[in-house]
Amino acid sequence: MGIFDFVKGGVKELAIARPDAYKDHIVYKHPDKTIPMKAQLTVEPDEICLFFRDGEFVGQFTAGRHTLDSGNIPFLGRLIDKFTGGDVFIAEVYFVTTREITDNKFGGRIGKVRDPQSGLAVEIMVHGTFSVKVIDPPKLVIGLVGLQRTDGNAFLSWFKEQILKTIRDDIAELIVKKKWPLLDVTSGAYTEEIEQEVVAGVRTHVEPYGLEVIRMGNFHVGMSDADEARLTKFYENAAYINMTGGMQGYQQFAQANMMMNAGEGMAKGGGGSGGGLEGAGLGLGFAMANQMMNPQAQNQPAPQPNTPPSQMNTVQCGKCNAQVAPGKFCSECGAPLQAAGPKFCSNCGKPVSGKFCGECGTPAPA
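Using the numbering used here, you'd call the opening residue of the sequence shown number 48 and step up by one each time.
I should point out that these hints are in silico values taken from the structure, not numbers from a laboratory. Values in this document were obtained by computation on a predicted structure and should not be read as measured data. Any given hint might turn out to be false.
[Stated by the list, open to error] So the derived label-pair ranges between C-beta atoms look like this: (1) D116 x R156: 52 to 62 Å; (2) N151 x N119: 30 to 40 Å; (3) K159 x G235: 13 to 23 Å.
[What the hints assert, rightly or not] Think about it this way: if two alpha-carbon atoms lie no more than 35 Å apart in a straight line, the pair counts; the simulated DSBU-like pairs of lysine-lysine are: (4) K180 x K70; (5) K70 x K207; (6) K80 x K207; (7) K70 x K129; (8) K226 x K186.
Glycine is no exception: its CB is placed at the ideal position from the N, C-alpha and C atoms.
Modelling step: build the complete structure from the supplied sequences, incorporating the hints.
As structure tokens, then:
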């Protein structure tokens, strides 16, 4: 199809239509520029057929079966090749799909993005699907001819490049401006907002080509397992630092954790020695960890015992001989208390400190 044979007495009639193998292409270019008069053109309901001459749009055909005759289709007169006696049109013919093209897959790396919380640079990947629709067929063909992307595969490749370019710019800007943690982004917490931004951004790139992005689906932003583990570890450490009251506390925690692991290693290394060695290893780990996590407890002085009232500074009442607190009167019998001073035995004259003389046994003076 697309090739005609010159025969005696004129030009053989030709049928022009999009082949079934290209039904899913958004743009299909007819391979032959030379089209005989009276050729039959078939246009499906979900497409439009465009005629160009020397890069200029000349006219179009909508759905239906058409006989190409300049007598009833005026714009075809501009396409007649006079060197063939007026029996041949010279034109580039494009079939453009006008229905929504769905489930087009895209994906790839968009480069390194710095996580606002940790400052770590992480390689981000994205994939998903998109649907697109042609809203201005002549503008699309003119644009794609300029890009030299007139076949279906080249068009989709170009379109996916526009999506990735927009995502690369928009995601980095969103993450920086809104300070989104990358782990939240890759978990899907902001997928809807990112999709909306990407659709709006892609539209600005493709509308000059007569295209409209209808929607995106299965949109996913991800990172490698290694980068995810690296970020997760960072946030875990940050949480421990906050929990332990700062870097010094975290260092103590880390050292204690090492001691715990050492204790577990000793327990596992006991082999057949049974539960006694296992308990000793774990016990050592707990003890060392406790020392690391509670260094202040080791430096605190031992609490002093409370001094009972009998060992405090007291005086002896001269009347009832009770040991009472110093004052003007006895708290036991109410008698006036004598001023503190040494007492002497009335018999031997030796100092007396108790109720009886330690030398002769004579009762102490009142």
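TODO: Could you check the structure against the hints above and give me the numbers of any it violates, in ascending order?
DONE: When the structure is compared with the hints, only number 8 turns out to be violated.
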